[in-house]
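Start from the sequences, fold in the hints, and give me the full structure.
2 protein chains.
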Amino acid sequence: MEVLSDRKILDSWAKNVSPWVKAIKNGQIESRRIATDQAIIETITSVSGNKVLDIGCGEGWLVRELLFLGLSATGIDAIEALINKAKELGDGLYKVLEYEKMSSRTIDEKYDIAVCNFSLLGKESVEHIFKIIPSILNDNGYFIIQTLHPNVSCGELPYIDGWREGSWTGFSNEFSDPAPWYFRTIESWSNLFHKHGLKLIQLKEPINLNTGKPASLIMIGHAVIQ
Amino acid sequence: MEVLSDRKILDSWAKNVSPWVKAIKNGQIESRRIATDQAIIETITSVSGNKVLDIGCGEGWLVRELLFLGLSATGIDAIEALINKAKELGDGLYKVLEYEKMSSRTIDEKYDIAVCNFSLLGKESVEHIFKIIPSILNDNGYFIIQTLHPNVSCGELPYIDGWREGSWTGFSNEFSDPAPWYFRTIESWSNLFHKHGLKLIQLKEPINLNTGKPASLIMIGHAVIQ
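Residue numbers (our numbering), protein chains in the order written: chain L, 1 to 226; chain C, 1 to 226.
Please keep in mind that the hints were generated in silico from the structure rather than gathered at the bench. All values reported here derive from a predicted model rather than from experimental measurement. Among the hints, erroneous ones may be present.
Pairs count within a copy or across copies, as identical chains cannot be separated in the list.
As the list claims (entries may be wrong) - List time: in silico SDA-like cross-link candidates among lysine to any residue, alpha-carbon distance up to 25 Å: (1) Lys22 / Leu93; (2) Lys213 / Trp163; (3) Lys195 / Gly49; (4) Lys95 / Val224; (5) Lys123 / Gly212; (6) Lys213 / Cys154; (7) Lys131 / Leu10.
Printed below as a string of structure tokens:
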């Protein structure tokens, strides 16, 4: 199935668990190693809150980092093989759960902070997460997203929302069948926060010092009780 | 005086009043004509409020548009010749005032909306405006900025705050001595809102349909009473 869809994203990722686990373990992704890993940790620890839900946790590196820093952290991911790997690699609570199945029933606790670190790649699945986020956050909780910087990742294509073909350029040749992703402008991200009652209180642009350009965009949403 | 400074910006603009008035009158700046003029008007009318302060109003086109739409609008600008031109071109309240001299004393009324349409070009002068904005806005007032999109206007230079040389490329050859400007990243703009108690509630990226890229960045700050 080669269509560009949320389902295709999961199919592709399920095929790349093993090289992905290796890439993270060995620090093969330069922008993560020199910029974005530290940036997401600093952002999480800059807001008040102790109980973190890592949505799209993959093999769990961020959950382990947060536990190491003394926070409480739970990871969820749609790919069972990644969750199995996460459980194998350390402590932490993990659960296999597709984004579309997230609800206040399947997520039966509330969190101070929900984080998506380069894990919002789809269309409907992402919209669903924004819809349910307010119901799984504590009052005054935070929703933190790190994603490819829209203006940098746009490339030569028009700056409008839409599905894009994936690529493993720059990754080892063990990777195959790259996942498509749904491009969103900064305005569209901003609208998602606004529409779901989250105040977009801060934007960060971690710089990749090797390129002098933003390595990512971090957005902090605040679930303020009116 | 060729240094890059807030003072030099005013010196340069004072020399270009006549071609600027002509450029605006004749719609010579394509991105304004096809994208950003309409975008700032739509943004102002999308938030609640009637009484608008246009900071850096130039020859007053936006004040006149807002009056035409039934809003109350006052324009301030540091360049006396531009304010004289604004008064000549139509109704509206206008005042010559340098940004650094803005205070709750020199601005003796409060506004529902303060807007800066491509008029935040300096360093200290911009920081001063953010500092005094909360004192000149009514409770729940809005501060709306339209500016060059940082990721587009950055060009090949490193994506970090700093003074940049100006240019009149694309303008008529009646323009001279281009004003320098102080480049700010999206993160830096976001920090200015945050630091001064303004919630950055929405970001917009009006698209230039001829280039397919953002023509500007619009930020809406909300002076929420906690």
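So, going through the hints one by one against the coordinates:
1. Lys22 / Leu93: within (21 Å within a copy, 66 Å between copies)
2. Lys213 / Trp163: Cα proximity of Lys213 and Trp163: in one copy and across copies (24 Å, 17 Å).
3. Lys195 / Gly49: Both, since 24 Å and 20 Å are each at most 25 Å.
4. Lys95 / Val224: neither (28 Å within a copy, 38 Å between copies)
5. Lys123 / Gly212: between (30 Å within a copy, 21 Å between copies)
6. Lys213 / Cys154: both (13 Å within a copy, 9 Å between copies)
7. Lys131 / Leu10: Cα proximity of Lys131 and Leu10: one copy only (20 Å, versus 48 Å across).
Taken one by one, the earlier hints fail for this structure only at number 4.
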